[in-house]
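Trainee: Below are the chains, spelled out letter by letter.
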Amino acid sequence: RLSFQLSTPLGRTFKPHQQVFLKLKHESKVEHLFVVPGSARQFKIVLDFLGLVEKFYYLSGTYDLELSVGDASMVCRHIHNSTVLFGLALLIILCLLQENSFLRALGQLELDLPEAPEKAPRPPAQAVDPLAKFRPQKEIEHIFRVPEKRPLQEVSLAFTGLTLLPFIGFLIGLMRLGVNLKNFPSLPGPAAFASLFHAGIAAVLLLYVLFWVKLDLFTTLKYLSFLGVFLVFVGHRTLSHLSNTTAKQKTA
Amino acid sequence: IQSLTKAYAATPTNLKIIDLYVVFAVATALVQVVYMGIVGSFPFNSFLSGVLSCIGTAVLGVCLRIQVNKDNKEFKDLPPERAFADFVLCNLVLHLVIMNFLG
Chain A
1 RLSFQLSTPL
11 GRTFKPHQQV
21 FLKLKHESKV
31 EHLFVVPGSA
41 RQFKIVLDFL
51 GLVEKFYYLS
61 GTYDLELSVG
71 DASMVCRHIH
81 NSTVLFGLAL
91 LIILCLLQEN
101 SFLRALGQLE
111 LDLPEAPEKA
121 PRPPAQAVDP
131 LAKFRPQKEI
141 EHIFRVPEKR
151 PLQEVSLAFT
161 GLTLLPFIGF
171 LIGLMRLGVN
181 LKNFPSLPGP
191 AAFASLFHAG
201 IAAVLLLYVL
211 FWVKLDLFTT
221 LKYLSFLGVF
231 LVFVGHRTLS
241 HLSNTTAKQK
251 TA
Chain B
1 IQSLTKAYAA
11 TPTNLKIIDL
21 YVVFAVATAL
31 VQVVYMGIVG
41 SFPFNSFLSG
51 VLSCIGTAVL
61 GVCLRIQVNK
71 DNKEFKDLPP
81 ERAFADFVLC
91 NLVLHLVIMN
101 FLG
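So the protein sequences, as listed, match chains A and B. Just so you know, the first sequence maps onto residues 1 to 252 in UniProt numbering. Just so you know, the second sequence maps onto residues 1 to 103 in UniProt numbering.
Next comes chain A alone, as it looks inside the complex (with noise of 0.2 Å):
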């Protein structure tokens, strides 16, 4: 049972208009506020903790007891130390004239709640201070994607030799058709152009090795340009060369 009195400086009882609050705050941060409903001279508010016991979730502990006292036309310049007899309060503020609302401590109350039963109301979460997040958070460890399972060195050579095999397949398939280089150009004008040709398409496989091995897109690019260009003239001499051939060996 608490009660107390507000009184202004000129001496007169006043009664701020419902603006006047006991907060019970326990140590975990869960509060609990009430109204305390008044006449015009007194204040008094019974707390009946039994019956209040499912409503403070059962949290055992320290409570913080505080007093809040709001109105506008209530000032404070100066708070008198007062004891609480918990019991039969009675409470005497003082206040004089300044445009403030007080919240004051009044002391600490130790609460013996009994057990929760199974089914009592979880106390509401409390919210994150929101500056938390600005300061140090806890460390992420942080774990490498574990690498795949990679194939045994044995296998993968393995199959490297039994991808060329149908390369191999295929020269010698080629000898056994006859193939010949028959039409190779004996004039030592055209037959440059063709080896230049055969040479230019080896140069560019030649770059695609080394971009895969070690260059990047861009120089590769610029190489190809340059190779491409040539290898335009040069096989467009060459295959002309021998298109006329062909056209002259056909009408012959």
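Hint data in this document are derived by calculation from the structure and do not stem from the laboratory. Take the hints with a grain of salt, since some may be wrong.
Unchecked claim - Listed below are the simulated BS3-like cross-link pairs for lysine-lysine, each with C-alpha atoms no more than 27 Å apart in a straight line: (1) 16(B) with 70(B); (2) 70(B) with 248(A); (3) 6(B) with 70(B); (4) 248(A) with 16(B); (5) 6(B) with 16(B).
We have chain A; now place chain B onto it with these hints.
Mentor: Showing chain B alone in chain A's frame:
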């Protein structure tokens, strides 16, 4: 079957060479697929690149064959050297893309 082999032997040597090339390109692709089936497709882009290169050259070989074949009416006026030049060019572009994708 016998008539098929006989007819096939009659095709010009040029076309036989191209056919041989196509067959071996596809065979290489098959080897790659088998390899992937065994070890799982970890570097999937490499697998794709290899298989696609084989199939790409196979397709280009087929195109060349169509264009060079004298029996085809559509490409009658196309000189075979031009077809070959196309073949070379497309192969080069294909291989550039493949090397890029190989990673």
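Trainee: Give a verdict on every hint.
Mentor: Hints versus structure:
1. For the proposed pair residue 16(B) and residue 70(B), the alpha carbon gap of about 13 Å is at most 27 Å, so the pair holds.
2. The hinted pair formed by residue 70(B) and residue 248(A) meets the criterion: a straight-line CA distance of about 18 Å does not exceed 27 Å.
3. Of the pairs offered as hints, the one joining residue 6(B) and residue 70(B) holds, with about 19 Å between alpha carbons and a cut-off of 27 Å not exceeded.
4. Taking the CA atoms of residue 248(A) and residue 16(B), the gap is about 24 Å. The hint holds against a cut of 27 Å.
5. Restraint check for residue 6(B) and residue 16(B): satisfied, since their Cα atoms lie roughly 13 Å apart, inside the 27 Å limit.
Every hint, counting from the list given before, is met by this structure.
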